[in-house]
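Visitor: Taking the hints as your guide, dock the two standalone chains into a single complex.
Residue strings, one per chain:
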Amino acid sequence: MPTMDPNRKKSKPVDLVDSVDSRVELTESTRSCPFPDEVLERVLSLIDSHKDRSSVSLVCKDWYNAERWSRRHVFIGNCYSVSPEIVAARFPRIRSVTLKGKPRFSDFNLVPEDWGADVHPWLSVFSSAYPFLEELRLKRMAVSDESLEFLATSFHGFKALSLLSCDGFSTDGLKAIASHCKNLTELDIQENGIDDLGGHWLSCFPESQTSLEVLNFASLNSEVSFDALEKLVSRCKSLRVLKLNRNISLDQLQKLLLHCPQLMELGTGTFMQELISGPVTEFKNMFSNCRKLVTVSGLWDATPLYLPVIYPVCASLTFLNLSYATLQSSELANLLFHCRSLRRLWLLDTVGDKGLEAVGSCCPLLEELRVFPADPFDQEIFLGVTESGFVSVSRGCPKLRHVLYFCRQMTNAAVATIARNCPDFTHFRLCIMNPGQPDYLTKEPMDEAFGAIVKTCTKLQRLAVSGLLTDRTFEYIGQHAKNMETLSVAFAGNSDLGMECVLKGCPKLRKLEIRDCPFGNAALLSGLTKYESMRSLWMSACNVTMNACRMLAKEKPRLNVEVMRDEEGSDDSQAHKVYVYRSVAGPRRDAPPFVLTL
Amino acid sequence: MNTNLTERNYLGLSDCSSVDSSNVPCISEVNKNSLNLKATELRLGLPGSQSPERDPESSLTSSEKLDEKPLFPLLPSVDGICSSSPKTVVSGHKRIFTDVMDSCSEVKGLSEGNWLFSGSGSESDPSKSVTQGKFSSNSNVNGMVSLGDQPAKGTTTNLNKVISSNSPAAKAQVVGWPPVRSFRKNILATSSKNHDEVDGKPCSGALFVKVSMDGAPYLRKVDLRGYSTYQQLSSALEKMFTCFTIGQCGSQGGPGRENLSESKLRDLLHGSGYVLTYEDKDGDWMLVGDVPWDMFIGSCKRLKIMKGSDAIGLAPRATEKSKN
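Line order of the protein sequences matches chains A and B.
If you read the first sequence in the working numbering, its first letter stands for residue 1, the second for the next number, and so on.
If you read the second sequence in the working numbering, its first letter stands for residue 1001, the second for the next number, and so on.
Just so you know, the hints here were simulated from the structure itself, not pulled from any lab data.
Note that this is a predicted model, so its numbers are computed, not measured.
Glycine residues also receive a C-beta, built at the ideal position from the N, C-alpha and C atoms.
No false leads were slipped in.
Short, incomplete list of chain B residues facing chain A, as computed with Cβ under 10 Å:
# : residue
1 : Gly1176
2 : Phe1208
3 : Lys1221
4 : Asp1223
5 : Arg1225
Label pairs and their calculated CB-CB ranges:
#  : chain 1 : residue 1 : chain 2 : residue 2 : range
6  : A       : Asn183    : B       : Ser1228   : 51 to 61 Å
7  : A       : Ser316    : B       : Ser1228   : 33 to 43 Å
8  : A       : Ser316    : B       : Asp1282   : 45 to 55 Å
9  : B       : Ser1228   : A       : Lys182    : 51 to 61 Å
10 : B       : Arg1181   : A       : Asp424    : 22 to 32 Å
11 : A       : Phe132    : B       : Arg1181   : 27 to 37 Å
12 : B       : Asp1282   : A       : Lys182    : 47 to 57 Å
13 : A       : Asp251    : B       : Arg1181   : 29 to 39 Å
14 : B       : Arg1181   : A       : Phe337    : 25 to 35 Å
15 : A       : Ala413    : B       : Lys1281   : 42 to 52 Å
16 : B       : Pro1292   : A       : Ser222    : 31 to 41 Å
Bound conformation, chain B alone (with noise of 0.2 Å):
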């Protein structure tokens, strides 16, 4: 088992040769003290910071882009471009973890196998976007952009030979592999898109949806028909994603997790903790839970779980829009 950190090597360059993550699995034991996102949950427009405009962050992404919507840049992009947006940039690039690593290694034993990697890490100022710090040495890897900058773009064509399956224009994926046959490419994705052609019906099968976050280095998928109430989805969302938060805190482990809790929350009254968003059926991002339950599973195409000052100006008013 590890006890330290390891590496993982997020885009297969093996030169990194480093390759972590019995961690994910562990998410779900994380101590329940983590960081409550329900408090943020319902959070509207925030004052201050400007939001991310879709536009512009559309026409932003990677021309090699294929099916995510691109209206957050959480997705990392092959070539590395950034958002004109420096609050919002970063956010959308997978970093590599050997910073995040560095940044967290004050961070041991949060939790057995824990994703021990945060957004800011050693960045004090809560305030500058995520991963922005980090970028300041480029000299690793793709997925790591600092404003202005793509530097990915030459480290990336290195690895051309070998690319890995987690660059997300799926242009750059390596033609059959993994060896799958092409009828099992989208069993996940059939499964739900059935049942959101239903007559916009709830229906009783699993409905995936992924779920990311701004700062953490990959994504994860729910199933919203596991759960019945904003309640239990966000204490889920908690869980899964909390490493990324309490990192955040610049944190340390152990006995300090429950104050870390304590100044999270205070992090998040004064405005810039997170925020549950999610992108509806028409493309709109909306914060969740405005609208009732049903609703909300019946329209969620995905959720981001957003730095809250990133979600000023987001579709304020989900119910006006849900009344049309």
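The following block holds chain A by itself, in its conformation from the complex (with noise of 0.2 Å):
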């Protein structure tokens, strides 16, 4: 598709601004399209990328209108970039929406409560645009029992929900969702902030529910009914994904397995039995009829005595989610030793630097690993892994694209060893969990791994560094990450170069998030003709000045400048949060009181 945008991004949704931002550029065409609009908008309602959709929109303003009237789902990134009535004014027949919320760094408690991305206006506004709505995903957006309430009684085609990061609701409103919702088909509930008042709500679900396709309540603390689950499993004979939380007994499961033999993906819940009769055999053949079973997650405390009862599925897995079974090395090997057809795992550090030998052999077809750490914040050291870990995964997974590491030590030979190994990392994300820390071996800096991979890497779209960094390591970004669209940034730098050289050098970056750096105003205003083309950058703990701050929202009027102020109010000339974003809907209006636009 030709396009007019040189801004074309290539491989994620496209930000929904672009396009409309882009809108004010075409000129009037003449009819010259030989199709009817009819005919048109059927050949592009086959289109499902929002890249595509966007460059289609950019052709003329008949492809424009066309591809507004075909267009079904719509993928908002920045919540506040755009308003509920401009998307529903420029797009009429929306059956699907993902919207995003609060910046990342909300997930790590930099962002107060109370922030805003509250999903209740989208919801009014949709309720009277969109009456056919059948699918929501928000991440990180304040979600209250209300609109869960409104949501399920507002839309009633309504059928998939997803829920990631989000805050402020409690089961209650599950139970409106399950209640309302007749043809629900997905209720995937993922790691928020969740007033769990109790498992009732499963118990919610009319005999009539015989659609459910996903459901995923892993997150969730408290006990649900087991005969009400067991019933609506046997009934929903569509049901692919089942996600349990831990207070779901192994023999709970053997017998929910027995009823879903067509399940794809299964989150178990507690991986062991008290009673320790005749215990392992019970539990043998579990498995044995599920053969479409392609992930499994769940294992929580999983032990030598019961992991083998998943062996039979292990070949065909292509997912593996250990990340909440506090596995020791010798155990994950004799897993893995079975999982040949691996694509994605994820651990958790107990596994250890020979665990983690084990994927490298086991594991030829890995594409995505991630490690994280079983004791994040416990002041003790517990070890976990170290570079000697990675580079084994490294040597024997060389497609490795994927890769979140958390570590308390790491080698700058060790990274470029693994850049070596695997040259088509798309995503590299490592966290060496003691700030600042140089290579624990040479005392460097960390830059020349960062550098290693960046050069090596040309496919990198996705990076998070730390360690002990100078400006060095952001040359090295600038120079060659041309492909990078995110990058993370902690406790590093030595001067406004290092960000200056990150803005000049990535043209494809969208997203930049900084935390305790010592980047300034030069180096804030040194973007200031590139913010328009991001979708937002985050700076807290920097050296920012509010009067560079309002410079930069003075000069670029479609950006959105916002400064959370500290509880404190220390030093009111210092601009201790930025959020700037790109914005087609102007300044928020519902800030609260610590949020200062520009």
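Guide: Next comes the structure, spelled out in structure tokens:
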């Protein structure tokens, strides 16, 4: 598709704002298109990719119109970049919405409560504009029980709800969804700040509910009625994703699995039994009928005694999420021996370097690895994994593309080796947990490590850096990371030069999040012309002043420049938390008192 | 591979720029000729020196300490609070590796990537509190506390911006770092908790408890479910902590190793060795070994390897208690 916008992104869904913005540049065209509108719309309705759709919309006015009438799904990466009214006006026939709210650092408590990103205004507009709305996927939005009730009662054909990292609601809201959404196919509740008042919500699914395909309540703590769950599972014949919470016991799981042999993704409950009377043999065949299983997660409390129960399905697994199972290295090795088809693997660092050696030897097809710290906030050191484990994986898994690795020590040499072994990295996030920690062998900064990554891994889209880093790291990034879209920086850099290098050198940069770095006003202002092509910039605990922020706001009226005040209100000339994002909706109207829009 | 000792800066002091520790994972490779902790295990109250009183110690802990039971000041406190007892004070505080390393410079090659620091290192007097001597020069850094001084306070504040995750007081922790969502916070804690709650019956899940040792700058965690006898546990702990104890003797590495063990054993017999203690469900510190294994793992919350001289008076009759 020809496109007029040179900043077209390649891989992620294109922000709505991008094409809304470019709309103003279209010129009137006479009808040169030979197809009637209906035909054009029909053709365009087959296009799913957001990027392609945005390109389509820029071709000419006819295509713009055809595209907007045929679009069924809209992705809004920043809920404040556009208003629900604008969306509704442009796209009249939406059935599915994905909406993301707070800045990512809110996951780590850097954004105060009541910051915003309330979904309700969106729901209000949608209830009249899109009465046939079927799907809503929210990430980092503020959602209340009232909103969930409103959702459940306003949209009669509503099918799929996914809530990730949202907050503000309780299980009462889930009751409303379960009770009223007659055609519900998906209820996916993940990692939210939810007020768990009990498991009664699950019992609210009526007997007539038979359409569920996805049910994920793994992150809820309360016990649900097993009887209700079992009945629900047996009557939902299309159920393909079932993720249970920890309260579901092994024998309960066994009963459930009898009802859903068609399951493709399973999150188990607790993976051990209290009474050890002839345990394992009972469960030996638990998985023998699950021939379609490709993903397994949960596995809380799994021990060598019970893990072998899943061995029969391991050969066909492509995603194994062990990030809740405190496995040791030998347990993992024994398990992975059976899992030769794994593409994605999530682990806890309790497996140690030895466990990672097993990963390298058993999983040659591995594309994604995430190693989480079992004890991230514990003040005493529990060693976890080191550079050597990462190197072992890189040797055995050359197809690695996506890595998230938490460790307490690293060396430049190791990362250089890893980059050579795995040149196809697209997502590389290395978190050396001690802020500002150098190469533990040479005592040098970790500049060369990330230099090696950006030089070797040309497809890199997402990067998170850590350790002791000088401006050199950012020079490397600016010089080499030409496909990088997201960069996360903490406790790094020496001067404004660092941030300037990145802003000048990375053409595809969309999201930049920085905390606790010595970047100041010059750095902030060096991106003046850049920020409108980005989704957002976050800077906290840096050296930016209010005046610089005001200047930015003044120069760039299409950016929202927001400053969050610290509670102590210590130094009013310093801008402690700055959030800059492009928007066609103008300044927020719902900003709380501590958010100042300049 | 580092052949020389490298400093490890546990408190994230970037100016010290010393980070070490490939060492830790190699502990398990330590030669079996290491100190046999078992010999100390069943030692009951030792004659002589004072035992730390629990209460005074708890009052000593920093108000910033959150959930650590302050019975023994093994945990460093951010503002360098010391205990009142000269014997016990320092054992509580993490020491800067620099000093430790200095004293250990003879101890190279003990094993690959060994933890090569000692309690007293060059201190020849084993009866002194382990780290006491090290504190004579307080110029560097947090966690170094000399008796009665509180030097750490000053140095700590310099580093407020980059507070390491190594300081024990959770409040000193950097907000939002490491970048892990809060639901992942306590996976280890919740797994062991979960089992403790199951009617007191032993469960077959993992049961991680922290193991600390007087004078060691950091802790380990062990899964008690991985052992079925005291013997196994103590062998495992020996392996983990051996470097400390060998260092204790102001040792030389290499060929002298076996001699070390012997001399260490001799020291033990003379009451200056280590005992293994544990904190039970009621918060009392008991000597390990008095109760049946199953009962032990059902009530053990954490372990501590204490200097024998410090363990005087420690709940001497664990069996009586367990009968209650």
